Amino acid sequence: MSGLQALGLVPLAPLLGFVVLLLGARHLPDRVVAVIASTAIGVAALCAFIAGRAFLAGDAATATLTLWSWLAVDGFAPAVRLHLDGLSLVMTGVITGVGFLIHVYATGYMRGEAGYARFFAVMNLFVFAMLLLVLADDLLLLYLGWEGVGLCSFLLIGFYHEEPANGYAARKAFVITRIGDTAMALGLFLLFRELGTLRIAPMLDAATLAWPEGSPMATLACLLLLGGAVGKSAQLPLQTWLPDAMAGPTPVSALIHAATMVTAGVYLIARTHPLYLLAPDAQFAVALVGLATLFIAAFSALVQTDLKRILAYSTMSQIGYMFLALGVGAWSAAIFHLMTHAFFKALLFLSAGSVILSLHHEQDVRRMGGLWRRLPIPFLCMLVGSAALAALPLTSGYFSKDLILLAAWEQGDAGPLLWGGALLAALVTAIYSTRMMWLVFFGPLRTEPHGQDGLDMSLPLGVLALASLGGGWFGFAVVADVLPDQGIGHGADHDALIAGVTAAVPILGVVGALWWYRSRAGVGVDSADAASAESAPARFLRGGWGFDALYATLLERPFVLAARANRRDLVDLPFALTAATARVLHRTLSATQTGSLRWYATSMAIGLLAAFALALGLR
Amino acid sequence: MLFLLILVMLAGGICALLAERVDARLPRWIALITIVIDAGLAATLGSTPLSPDALAALQGAPEPSAWLVVEQYAWVPRFGISLLLAVDGLGLLLLVLTLLLGAIAVLASWQEVTRRQGFFEANLLWTLGGVIGVFCALDLFAFFVFWEVMLVPMYFLIAIWGHEQRAYAAMKFFLFTQISGLLMLLAVVGLVWTHYAATGDWTFNYFALLGAAAGSPWAGWLMLGFLIAFLVKLPSVPFHSWLPDAHTQAPTAGSVLLAGILLKTGGYGLIRFVVPLFPDASVEFAFPAMLLGALSVVYGGVLAFAQDDFKRLVAYSSISHMGFVLLGVFAFNELALQGAIMQMVAHGLSTAALFMLAGALQHRLHTRDMSRMGGLWNQAPRMGVFALFFVVASLGMPGLGNFVGEFLVLLGAFQAQVALTVAAALGLVVAAVYALVLMQRAFYGPPGSAILGMADFDGRETGTMAAMVLGLLVLGVHPQPVFDLTAPMVRVLLATLGGTP
Numbered sequence: 001m002s003g004l005q006a007l008g009l010v011p012l013a014p015l016l017g018f019v020v021l022l023l024g025a026r027h028l029p030d031r032v033v034a035v036i037a038s039t040a041i042g043v044a045a046l047c048a049f050i051a052g053r054a055f056l057a058g059d060a061a062t063a064t065l066t067l068w069s070w071l072a073v074d075g076f077a078p079a080v081r082l083h084l085d086g087l088s089l090v091m092t093g094v095i096t097g098v099g100f101l102i103h104v105y106a107t108g109y110m111r112g113e114a115g116y117a118r119f120f121a122v123m124n125l126f127v128f129a130m131l132l133l134v135l136a137d138d139l140l141l142l143y144l145g146w147e148g149v150g151l152c153s154f155l156l157i158g159f160y161h162e163e164p165a166n167g168y169a170a171r172k173a174f175v176i177t178r179i180g181d182t183a184m185a186l187g188l189f190l191l192f193r194e195l196g197t198l199r200i201a202p203m204l205d206a207a208t209l210a211w212p213e214g215s216p217m218a219t220l221a222c223l224l225l226l227g228g229a230v231g232k233s234a235q236l237p238l239q240t241w242l243p244d245a246m247a248g249p250t251p252v253s254a255l256i257h258a259a260t261m262v263t264a265g266v267y268l269i270a271r272t273h274p275l276y277l278l279a280p281d282a283q284f285a286v287a288l289v290g291l292a293t294l295f296i297a298a299f300s301a302l303v304q305t306d307l308k309r310i311l312a313y314s315t316m317s318q319i320g321y322m323f324l325a326l327g328v329g330a331w332s333a334a335i336f337h338l339m340t341h342a343f344f345k346a347l348l349f350l351s352a353g354s355v356i357l358s359l360h361h362e363q364d365v366r367r368m369g370g371l372w373r374r375l376p377i378p379f380l381c382m383l384v385g386s387a388a389l390a391a392l393p394l395t396s397g398y399f400s401k402d403l404i405l406l407a408a409w410e411q412g413d414a415g416p417l418l419w420g421g422a423l424l425a426a427l428v429t430a431i432y433s434t435r436m437m438w439l440v441f442f443g444p445l446r447t448e449p450h451g452q453d454g455l456d457m458s459l460p461l462g463v464l465a466l467a468s469l470g471g472g473w474f475g476f477a478v479v480a481d482v483l484p485d486q487g488i489g490h491g492a493d494h495d496a497l498i499a500g501v502t503a504a505v506p507i508l509g510v511v512g513a514l515w516w517y518r519s520r521a522g523v524g525v526d527s528a529d530a531a532s533a534e535s536a537p538a539r540f541l542r543g544g545w546g547f548d549a550l551y552a553t554l555l556e557r558p559f560v561l562a563a564r565a566n567r568r569d570l571v572d573l574p575f576a577l578t579a580a581t582a583r584v585l586h587r588t589l590s591a592t593q594t595g596s597l598r599w600y601a602t603s604m605a606i607g608l609l610a611a612f613a614l615a616l617g618l619r
Numbered sequence: 001m002l003f004l005l006i007l008v009m010l011a012g013g014i015c016a017l018l019a020e021r022v023d024a025r026l027p028r029w030i031a032l033i034t035i036v037i038d039a040g041l042a043a044t045l046g047s048t049p050l051s052p053d054a055l056a057a058l059q060g061a062p063e064p065s066a067w068l069v070v071e072q073y074a075w076v077p078r079f080g081i082s083l084l085l086a087v088d089g090l091g092l093l094l095l096v097l098t099l100l101l102g103a104i105a106v107l108a109s110w111q112e113v114t115r116r117q118g119f120f121e122a123n124l125l126w127t128l129g130g131v132i133g134v135f136c137a138l139d140l141f142a143f144f145v146f147w148e149v150m151l152v153p154m155y156f157l158i159a160i161w162g163h164e165q166r167a168y169a170a171m172k173f174f175l176f177t178q179i180s181g182l183l184m185l186l187a188v189v190g191l192v193w194t195h196y197a198a199t200g201d202w203t204f205n206y207f208a209l210l211g212a213a214a215g216s217p218w219a220g221w222l223m224l225g226f227l228i229a230f231l232v233k234l235p236s237v238p239f240h241s242w243l244p245d246a247h248t249q250a251p252t253a254g255s256v257l258l259a260g261i262l263l264k265t266g267g268y269g270l271i272r273f274v275v276p277l278f279p280d281a282s283v284e285f286a287f288p289a290m291l292l293g294a295l296s297v298v299y300g301g302v303l304a305f306a307q308d309d310f311k312r313l314v315a316y317s318s319i320s321h322m323g324f325v326l327l328g329v330f331a332f333n334e335l336a337l338q339g340a341i342m343q344m345v346a347h348g349l350s351t352a353a354l355f356m357l358a359g360a361l362q363h364r365l366h367t368r369d370m371s372r373m374g375g376l377w378n379q380a381p382r383m384g385v386f387a388l389f390f391v392v393a394s395l396g397m398p399g400l401g402n403f404v405g406e407f408l409v410l411l412g413a414f415q416a417q418v419a420l421t422v423a424a425a426l427g428l429v430v431a432a433v434y435a436l437v438l439m440q441r442a443f444y445g446p447p448g449s450a451i452l453g454m455a456d457f458d459g460r461e462t463g464t465m466a467a468m469v470l471g472l473l474v475l476g477v478h479p480q481p482v483f484d485l486t487a488p489m490v491r492v493l494l495a496t497l498g499g500t501p
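First to last, the protein sequences are chains A and B. Just so we're aligned, residue 1 is where the first sequence starts under the numbering used here, counting upward by one. Just so we're aligned, residue 1 is where the second sequence starts under the numbering used here, counting upward by one.
Take the hints with a grain of salt, since some may be wrong.
What the hints assert, rightly or not - Not everything, but these chain B residues come out facing chain A in the computed CB check (under 10 Å):
| # | residue |
| --- | --- |
| 1 | 3 |
| 2 | 43 |
| 3 | 241 |
| 4 | 306 |
| 5 | 307 |
| 6 | 308 |
| 7 | 316 |
| 8 | 415 |
| 9 | 479 |
Said to hold, decoys possible - Some chain B residues judged to face chain A by a derived CB distance under 10 Å, without partners named:
| # | residue |
| --- | --- |
| 10 | 44 |
| 11 | 47 |
| 12 | 175 |
| 13 | 238 |
| 14 | 335 |
| 15 | 381 |
| 16 | 396 |
| 17 | 430 |
What the hints assert, rightly or not - Computed footprint of chain B on chain A, listed as stretches where at least three residues anywhere in the stretch have a Cβ under 8 Å from a Cβ of chain B:
| # | region |
| --- | --- |
| 18 | 57-71 |
| 19 | 184-191 |
Worth flagging that the hints you see were computed from the coordinates, not collected in a lab. The structure displayed is predicted, hence computed values, not measured ones. All residues carry an ideal CB built from backbone N, CA and C; glycine is no exception.
Using the sequences provided together with the hints, build the complete structure.
So this is what it looks like as structure tokens:
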């Protein structure tokens with residue numbers, strides 16, 4: 001078997017894992033389930049490695065593996081075909097690598113939970129769908145993966161299905177992303193109508209031939225695809241589902257709602273970036289969406305009280321940075337940040353999971369504190385993760401975020417604005433990271449932790465911590481040549497002042513926040529934090545800037561009211577009226593059937609008279 | 001052979017009726033065996049080339065090679081009425097679907113029916129016989145006869161074995177279809193008369209009548225006669241309101257047949273009769289028809305969301321899904337038309353399965369009210385997994401048959417009419433809303449008051465469900481055989497429109 005043939009096994013292994021777990025759900029003991037689930041992803045990672053080596057050893061820029069022809073109707077002939085190039089290789093590596101670590105961690109985290117097999121079946125299915133998404137050679141197959149990950153996300157957010165709130169969160173995630181997906185589907189229809197194919201490479205070639213730069217068709221197509229991307233990646237205006245998605249088990253949040261699925265939008269735009277080059281307006285819209293989201297979400301993260309919601313908003317914000325990078329044409333910086341973010345955010349979520357588990361599912365940071373001595377491994381891991389999130393120098397997050405900020409600076413007239421906004425949010429990021437660390441690990445112990453992680457949970461944490469620290473050193477070499485960049489020269493000389501400020505701001509944020517918390521250590525940080533958290537602006541920020549309320553008023557409630565009001569179906573009314581009229585006439589006429597001879601004679605006489613009168617009158 | 005298929009169904013029905021006197025459990029076996037025999041007969045269809053007689057019967061057909069089986073029996077020669085039966089790829093496909101869902105309907109009602117089992121199974125088989133006739137008949141008179149034949153036993157199924165409001169629902173169903181059938185009869189007579197006035201020949205032969213309406217000032221009205229009959233059957237807004245009542249009140253087997261097959265006769269009629277007989281009028285009417293299609297998609301979906309009754313929700317979702325068929329047929333291109341056909345088949349499977357689920361729940365819980373359900377997942381996980389699968393299929397998840405249908409319809413319709421396609425695409429969002437609400441209210445959440453001690457699916461039910469799962473998966477990942485089967489007739493149809501196929 002040549003190395004590239006192993007590519008077929010990459011999605012196949014998780015799919016097989018899913019099928020086995022689905023069919024054997026009630027017969028397999030938990031330990032077997034754990035082994036099957038992790039092995040499936042491990043095999044996928046191994047095959048991805050083999051295929052990747054074979055691919056890199058060759059000199060072709062892309063490799064494809066056709067599995068079968070999906071359908072062929074009138075020139076529309078999408079195939080089930082896998083496509084490997086630098087971009088999909090990076091994505092596959094992240095998905096299988098981080099996915100494997102999270103699976104191993106989850107085998108420990110979920111131990112003893114009801115629905116153990118169901119959990120891992122859906123996790124495997126998710127990895128399968130995500131791999132199809134990034135390996136697809138055709139936008140239709142990509143769409144299959146795209147919808148598939150959405151379904152798995154729905155199932156896992158609602159994993160604890162007895163609780164109606166979780167079901168609501170799950171449906172909210174699915175329906176809101178479906179709005180984006182529908183826009184994306186319309187984008188596919190448009191692309192097919194104009195370019196005659198949905199196969200990505202030929203479609204992009206055809207677009208560059210058919211459309212001049214700035215063409216309205218290209219802009220429209222890009223905006224529709226952007227609609228799909230903002231839905232999946234929780235960006236403005238479809239971002240509201242992500243914080244609620246934290247209802248799922250924490251490994252789910254790590255895998256789906258931090259490391260992989262939510263970055264699908266970034267991948268989609270990077271994958272179709274030649275289209276965006278044809279549509280500068282749409283590309284600028286991507287930058288603005290990213291800027292607005294990273295800004296809004298960073299401030300929301302600052303005032304959250306739920307540990308997972310802090311991380312959720314920070315995810316939203318970090319993906320905003322990726323969108324900003326895409327918007328300024330720093331394609332490889334976006335993918336670089338996607339990768340480092342996958343490392344450090346998975347790390348943060350998993351170590352948060354360890355904290356939450358040892359506190360008996362306590363998620364409120366105000367009831368944590370002083371845990372650093374008691375939970376040393378989660379503490380160290382979270383410290384590393386937070387440093388990377390805050391982009392402290394030499395961590396992986398520093399390298400990738402720095403690139404993005406500098407690329408934003410160079411973006412023509414709008415550059416300083418983009419840079420300034422993103423830098424302010426970076427300051428806020430450093431502050432909320434510090435706040436999170438402080439409230440969870442320092443100060444007085446407020447809740448007694450129980451138990452320590454087993455090796456199955458600590459080991460993945462350790463690996464991810466190493467990647468979060470060192471990812472920046474090897475990372476850019478991996479992604480540097482994946483996509484041709486517009487505007488940023490690698491290692492180009494930046495204005496030293498700008499570069500210095502960019503690097504210094506996060507440090508400033510951390511130091512400032514530390515100073516603030518230290519200086520209030522005596523008066524009780526929790527009460528100071530709690531008091532400020534109850535102010536009106538804080539509530540506004542914590543609620544995600546009122547978007548939920550806005551959508552509920554504008555869309556959800558009117559829809560529900562209208563549907564309820566019409567539940568008996570107005571259209572049936574004319575038919576029901578016809579039937580009712582017939583019934584009334586029937587009653588009236590049958591009432592004349594009295595059987596009384598006198599009544600018949602009278603009515604006959606009246607009728608005759610009327611007939612005569614009419615006949616005479618008509619003359 | 002086609003006639004034999006119908007006769008076997010009718011004879012099987014009589015046997016089932018008589019067998020009840022021997023043993024109450026015998027009729028369902030007879031019904032199942034009858035359908036299996038029919039399926040065996042149907043499996044041989046199209047394997048032999050057409051005989052010279054058959055070719056002669058195809059005189060006037062634009063593309064004789066598109067037809068797989070043709071047979072003709074004299075009936076009333078004086079008026080040019082014969083029993084002309086023929087199937088092409090579309091007919092064969094729907095025939096297979098009919099037999100498959102017929103068997104599933106029998107299995108679905110295996111233990112549900114406790115009264116007059118013989119008459120029940122007889123009505124079921126007679127309905128199937130009528131439907132097979134509808135899918136084969138190419139003499140308009142014979143078509144009309146079969147059209148009526150399939151209604152009467154269906155009426156009995158609802159009126160005798162239905163739920164609380166069965167009399168109302170059955171009467172409503174009967175009146176809607178009768179009145180629209182009358183319009184079709186008038187249109188048939190009008191079309192035949194037009195042909196007679198032009199040529200001096202009385203004939204009800206489909207092929208002879210193909211060009212008859214061309215240039216007639218009445219073509220638009222005649223088309224409307226056919227169109228309304230089929231729109232009622234499909235059903236499309238605003239002629240849909242019989243369906244929620246009929247579906248909800250019918251016994252499980254009746255709902256399976258109604259949703260799975262009878263609705264498809266509406267889509268079939270549009271493709272087989274409305275467009276080819278009245279190509280010009282159809283093209284002129286394309287916009288209003290697509291508008292009704294898009295409207296049905298969204299309106300049906302919104303109504304589905306508001307329901308508390310499990311079966312009623314599924315019934316309204318059918319209206320939504322059939323809207324895609326209407327949209328696809330009148331987009332007049334190969335993508336949309338193939339999508340519409342795929343949608344008919346996939347919807348047949350997914351909705352039949354959902355009705356079977358509803359029936360199984362009603363049988364166990366004695367309620368269809370979702371506000372009394374909830375938490376079924378823990379009580380009956382196997383049921384939950386199947387429900388999830390079909391709910392997800394019905395909201396158009398890629399990889400399953402319904403997605404292929406809906407995507408192709410929208411892809412094709414987008415080329416013809418952008419605004420209405422965008423409107424119909426909103427249906428994808430609405431579908432997610434109502435489908436997931438169904439899942440939530442019945443299967444997730446805290447356990448409802450009615451569910452204690454409920455049994456999960458048994459072997460028979462699991463097997464039936466698994467067959468439909470498999471069907472939707474195959475249609476979803478490898479639909480090409482279906483497209484290959486129907487491609488010749490689709491191209492012929494588009495060629496008659498003069499458009500580029």
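Hints versus structure:
1. Of the supplied interface hints, the one on residue 3 (chain B) is violated, with its beta-carbon coming no nearer than about 33 Å to a beta-carbon of chain A, more than 10 Å.
2. Hint on residue 43 (chain B) is violated. Least Cβ distance to chain A is approximately 25 Å, over the 10 Å limit.
3. For residue 241 (chain B), the shortest C-beta to C-beta distance to chain A is roughly 4 Å, which falls under 10 Å, so the interface hint holds.
4. Annotation: interface hint on residue 306 (chain B) holds; nearest CB of chain A at approximately 4 Å, less than 10 Å.
5. Annotation: residue 307 (chain B) was flagged as interfacial toward chain A, and the flag holds, the nearest CB pair being 7 Å apart, inside 10 Å.
6. Nearest Cβ of chain A to the Cβ of residue 308 (chain B): about 8 Å, under the 10 Å cut. The hint holds.
7. At a threshold of 10 Å, the smallest CB-CB gap from residue 316 (chain B) to chain A is about 8 Å, leaving the interface hint in force.
8. Interface restraint check for residue 415 (chain B): the shortest CB-CB distance to chain A comes to about 5 Å, inside 10 Å, so the restraint holds.
9. The closest approach between the C-beta of residue 479 (chain B) and any C-beta of chain A is roughly 5 Å, which is under the 10 Å cut-off, so the hint is satisfied.
10. Violation of the interface hint for residue 44 (chain B) is found here, the shortest Cβ-Cβ separation to chain A being roughly 28 Å, above the 10 Å cut-off.
11. The closest approach between the C-beta of residue 47 (chain B) and any C-beta of chain A is roughly 25 Å, which is over the 10 Å cut-off, so the hint fails.
12. The interface hint given for residue 175 (chain B) holds, since its Cβ lies 8 Å from the closest Cβ of chain A, which is under the 10 Å cut-off.
13. Hint on residue 238 (chain B) holds. Least Cβ distance to chain A is approximately 5 Å, under the 10 Å limit.
14. Taken as an interface hint, residue 335 (chain B) checks out: its beta carbon lies about 5 Å from the nearest beta carbon of chain A, inside 10 Å.
15. Of the supplied interface hints, the one on residue 381 (chain B) holds, with its beta-carbon coming within about 7 Å of a beta-carbon of chain A, less than 10 Å.
16. Of the supplied interface hints, the one on residue 396 (chain B) holds, with its beta-carbon coming within about 8 Å of a beta-carbon of chain A, less than 10 Å.
17. Evaluation of the residue 430 (chain B) hint against chain A yields a held restraint, the C-beta minimum of about 9 Å falling below 10 Å.
18. Judged by the Cβ-Cβ criterion of 8 Å, the region 57-71 of chain A is covered by chain B as claimed, because 4 of its residues qualify and three suffice.
19. With 5 residues bearing a CB less than 8 Å from a CB of chain B, the region 184-191 of chain A meets the requirement of three and the coverage assertion stands.
When the structure is compared with the earlier hints, violations turn up for hints 1, 2, 10 and 11 and for no others.
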